[in-house]
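Trainee: Protein chains in written order, with our numbering: chain A, 1 to 368; chain B, 1 to 358.
Keep in mind that the hints were calculated from the coordinates and are not lab data.
In this text, all values refer to a predicted model and were calculated from it rather than measured experimentally.
Do not take every clue at face value.
Stated by the list, open to error - In the EDC-like style, the derived pairs of lysine to aspartate or glutamate whose C-alpha atoms are separated by at most 16 Å in a straight line are:
(1) LYS120/A to ASP158/A
(2) LYS349/A to GLU263/A
(3) LYS177/A to ASP197/B
(4) LYS181/B to GLU337/A
Claimed, not checked - Distance windows between CB atoms, simulated:
(5) ASN186/B to GLU278/A: 52 to 58 Å
(6) ALA34/B to GLU278/A: 56 to 62 Å
(7) GLN87/B to GLU175/A: 25 to 31 Å
(8) ALA85/A to PRO293/B: 50 to 56 Å
(9) PHE61/A to THR19/B: 22 to 28 Å
(10) PRO77/B to GLU296/A: 57 to 63 Å
(11) GLU182/A to THR19/B: 48 to 54 Å
(12) PRO293/B to GLU175/A: 40 to 46 Å
(13) ARG183/A to GLU251/B: 38 to 44 Å
(14) GLU93/B to ALA291/A: 27 to 33 Å
(15) ALA291/A to GLN87/B: 38 to 44 Å
(16) GLU278/A to PHE245/B: 49 to 55 Å
(17) GLN76/A to PHE86/B: 49 to 55 Å
For glycine and all other residues, C-beta sits at the position ideal for the given N, C-alpha and C.
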Amino acid sequence: MVNVRLERVSKVYNGKKVLNNVDLEIKDQSFTVLLGPPGAGKTTIFRIIAGVEHPDTGRIFFGDKDVTKLPPKERQVGFVFQSYALYPHMTAYDNIASPLKAAKMSKAEIDERVHSIAEKLGISQVLNKLPKEMSGGQRQRVAIARALVRDANIYMLDEPLTNVDYKIRESMRIELKKLLRERGGTIAYATPDPQEAMSLSDYTAVILNGVVEQYGSMEEVYNRPRNVKVGFYFSFPPMNQYPGELVKVGEKTFIDTGSMKVEVTHAMDVLEKVNEKEFILGIRPNQIKLATEPVENPLELELETIVTEIIGSESLVHLKLGDGKMVIHIPSIRRFEPGERLKIAFNQKEVFIFSKATGELVYAPEVG
Amino acid sequence: MVEVRLENITHIYVTGRKTQTLAVKDINLTFPHASFCALLGPSGCGKTTLMRIIAGLNIQTSGHVYFDQREVTPLTPRERNVAMVFQFPVLYEMNVYENIAFPLRSVKVPESEVKRKVKEVAELVGVTHILNVHPSTLDMGSKQKVVLARALVREPNVFLFDEPLTNLDPLGRLEMRSKIKELQRNIKTTMIYVTHDQAEALTLADKIAVMDFGVVVQYDEPTKLYEHPKNEFVGFFLGNPGMNFIQGTLEDNAINFGEFKYDVSDVVEKLKEYGTEFKIGIRAEYVKVSKKPFKGAFKAKCIVSEHLGTSTLLDLKAGDKEFKAKLRITDVKEGDEVYVQFPKEKVHIFNKAGELII
């Protein structure tokens with residue numbers, strides 16, 4: 001049981017820098033989610049921790065021990081790949097037992113461990129089956145069981161739910177959360193899905209283009225995204241963004257985006273410090289309500305519907321705002337037709353403010 | 001622009017010398033003229049088979065396919081003039097413009113007309129800025145848009161989509177979904193969309209056929225399906241999370257669940273016809289939860305509290321019954337005792353087998 005630490009790790013593939021000076025600490029006994037789009041470098045980080053890939057520069061530590069030069073089998077890591085990667089000619093039982101056999105564990109102990117983990121994952125009944133005889137969900141459970149069955153310094157799960165049917169994903173996310181907490185140990189979990197990150201993680205590292213843009217407790221990163229990129233990505237649906245200019249009207253201060261004027265008097269202290277005129281406003285779709293709901297410090301707008309998307313049990317309405325759009329989130333199934341006009345409102349004190357020049361966070365709303 | 005009608009469609013795959021698999025069974029469905037309809041179900045439910053039958057890629061074992069009044073069963077896919085968009089975009093080794101122009105070139109449309117039409121569909125789909133680009137440099141989402149444009153340029157009778165968004169990342173999926181929706185508003189072509197993802201079906205379709213084990217379980221408008229599922233399968237399959245189903249026993253004027261009861265005095269006579277075991281169905285977002293007691297509420301314990309950004313999902317337990325509640329903002333944590341109520345107007349009653357009664 002150790003902290004896993006990457007120190008200034010860089011990696012170039014085919015002339016492309018996939019990791020750029022990555023510093024990252026995965027704390028002992030923590031659940032850390034690496035959040036980022038496909039191609040951001042999450043898998044490469046895992047492969048480097050596992051030792052199946054070597055960094056061009058930088059070092060990897062398990063606790064105080066530099067493992068950069070250590071071969072994979074001496075690192076003791078559990079790894080679940082997105083694509084299951086089960087041995088096709090082996091039964092589920094033998095697949096799960098394989099790391100224990102490699103560690104020369106006794107037959108009796110292997111048997112006990114395999115059955116115990118299989119039961120927790122609900123796959124006891126498929127232990128004698130071959131991968132091709134199982135459903136996608138069962139295969140992924142077997143792959144997870146194989147990674148968790150051994151004692152490891154760190155368990156890494158690389159998008160384990162991405163290839164699973166959404167209905168299975170829904171129940172497996174909670175199961176996995178319970179199971180991993182029960183299992184204990186240090187867990188790193190890579191996903192492109194911000195909702196998975198919110199649901200699962202103690203700590204979140206947002207990784208974009210090979211760079212760790214922000215690392216911190218999940219709440220901290222979600223509530224205080226360091227820059228526009230993090231704010232946009234760690235938000236489902238993505239944060240609405242509007243560049244605008246600071247204007248004073250009497251005692252009050254606004255940011256004028258051309259299509260709306262948002263009052264920011266409450267943030268004047270910090271806005272004055274940065275001494276810039278142009279900012280980017282960030283509003284999460286779930287911060288915007290239909291005007292029929294009560295909203296404090298409201299800015300009300302009447303906008304035209306472009307399209308409504310229904311996701312799960314919620315609706316996203318895309319509205320026309322100036323030349324751009326505003327996406328709002330409604331926690332029920334409502335289908336507004338294109339062209340329909342909607343009155344919406346949001347709390348002006350709940351708006352994020354970023355510097356336009358640097359993209360850095362200037363003001364984050366207080367968390368109530 | 002046609003109405004597609006399926007009449008008693010059954011399809012059996014010969015899977016071995018002596019084994020056969022019944023893929024779809026006795027399907028009757030009408031996809032109205034210029035409508036957007038979805039075939040929704042888990043993998044293996046027969047939805048793709050049905051789509052391939054409409055396209056003419058498979059010929060059904062029995063039954064008839066009509067485009068308007070005309071039976072198209074003997075026609076080839078080309079003769080049916082259907083456009084298909086699959087999970088994996090397939091593009092030719094030529095730039096985007098040429099890819100889109102390809103179907104027109106093959107039927108010798110004059111060059112000026114090709115130019116006009118390519119421009120028109122490129123604008124509709126939003127690929128004008130990449131017309132000179134080679135597809136190999138495009139991301140999945142853009143490739144899929146080019147496929148869409150190429151299908152569109154042919155002015156097909158019917159559009160068939162087979163899980164076209166499955167391989168896109170979440171952002172690309174969101175964008176493409178609105179694109180297809182917009183497109184459907186602008187061109188009035190019949191579209192049939194196969195998916196296992198209910199979000200896509202609910203967003204896009206005017207009508208959804210929910211399939212399971214080769215049969216159509218319910219064919220209805222999205223909100224009807226969501227609010228009034230005909231059985232447990234539809235209720236659970238639609239929605240995220242799926243509808244809660246809780247089984248109990250009818251006693252006097254209530255269904256008894258052990259730790260709590262649900263009053264059915266107004267419908268008890270009707271229920272008696274169906275025996276004593278029932279399931280009530282309620283969606284997680286309609287479950288009322290409070291940390292303080294209120295009238296008509298029963299006690300439950302929070303087992304899991306899952307924060308999802310836009311909402312919080314609670315796993316609750318009362319006695320041996322478990323169910324989910326979805327709240328917008330809450331300070332309910334794991335281990336908390338809460339008070340729960342199921343509002344009457346949101347509860348559906350099903351028989352033990354999961355078929356809707358009330």
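Trainee: Looking at the structure, which of the earlier hints fail to hold?
Mentor: Numbers 1, 3, 5, 6, 9, 11, 12, 14, 17 - these are the hints that the structure violates, sorted from lowest upward.
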